[in-house]
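Asks: Per the numbering used here, the sequence shown runs over residues -10 to 263.
Warning: the hint list may mix true and false statements.
As the list claims (entries may be wrong) - Simulated DEER-style distance windows between Cβ atoms:
hint, residue 1, residue 2, range
1, S108, P40, 38 to 46 Å
2, S261, P212, 38 to 46 Å
3, F75, V160, 35 to 43 Å
What the hints contain is simulated information worked out from the structure, not anything from laboratory work. Keep in mind the model is a prediction, meaning the values are calculated, not measured. For each residue, glycine too, the CB sits at the ideal point set by N, CA and C.
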Amino acid sequence: PPSTAFITIRVLTNETIGALLMAGLVTGCIAVILLSVAAIIYCIKTKAYEPLEKITLKEKLKITWRSIGTLFLPVLMLGGIYSGIFTPTEAAGVSVVYGILFSVLTRRVSIKDMVGLISSSTKTVAMIALLVAAGMTLSNITAMLQIPQTAMEWVTSTGWSGAAIVTTSLVIVFILGMFLDAGAIIILTIPILYPIIVALGYDFIWYSIIFVFCTEIGLITPPVGMNCFVLQQISGLDLIQVVKGSLLFLLVLLFCMLLVVFIPELALWLPSTM
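Model the full structure from these sequences, guided by the hints.
Replies: Right under this line is the structure:
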């Protein structure tokens, strides 16, 4: 959480934010594990790492003890949701209050720093609010103009199979991902794609996970890949170096996406338990 992409999809569709976040949690963890393995392999092969300092058992125990409060946060959030104590939205609020109190009481964050953090968070919320407002406006306009119905009629007239239509839509999303960020792509395409995918009988939670993977893969895919240009500007490296360095991780993300495509339960299992 908060996942701006899933929040925007929720606003434009009838799917619940809890189901989207839970689906993203499992697939996100899988992606993190595989990307971490890829990073380790890359570092070992290229020797792109520095030897770590040895840490004593006493220091390890001290660090673990200091981390307990932080590690309790996901337990509080997920435990509260699954026990029925509060809803996903309420869980977010409780987590924020817990985080603020824990940070201030343990003196890890000063009041002055907290003001800066709240200011930064407000900017993020404002950005999400603008995306949501734009998405709702576009969704209402497409509904008034009956664009989804027209698109559905056209799709039906082509005689394509459901798999072909889903694949084509994802290819388009992937290409858009090279030029636009996920928020813009969602606002432009979801109001049209949602009724089509649902009418074809596919689970839109499953489709949403693949959709987000496609947009993120597009961001690091040559010859455009906006994130590659951002990294090039920040690091000062040659663009070719950045692209070469991203290829392994691009393949890992592609593999993760294909896992979700062929094993839908990876995305649907956790939401089904809610």
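Asks: Would you mind marking each hint as holding or not holding in the structure?
Replies: Against the structure, the hints:
1. S108 / P40: 38 to 46 Å: holds (39 Å)
2. S261 / P212: 38 to 46 Å: holds (40 Å)
3. F75 / V160: 35 to 43 Å: For V160 against F75, whose Cβ atoms are near 40 Å apart, the range 35 to 43 Å holds.
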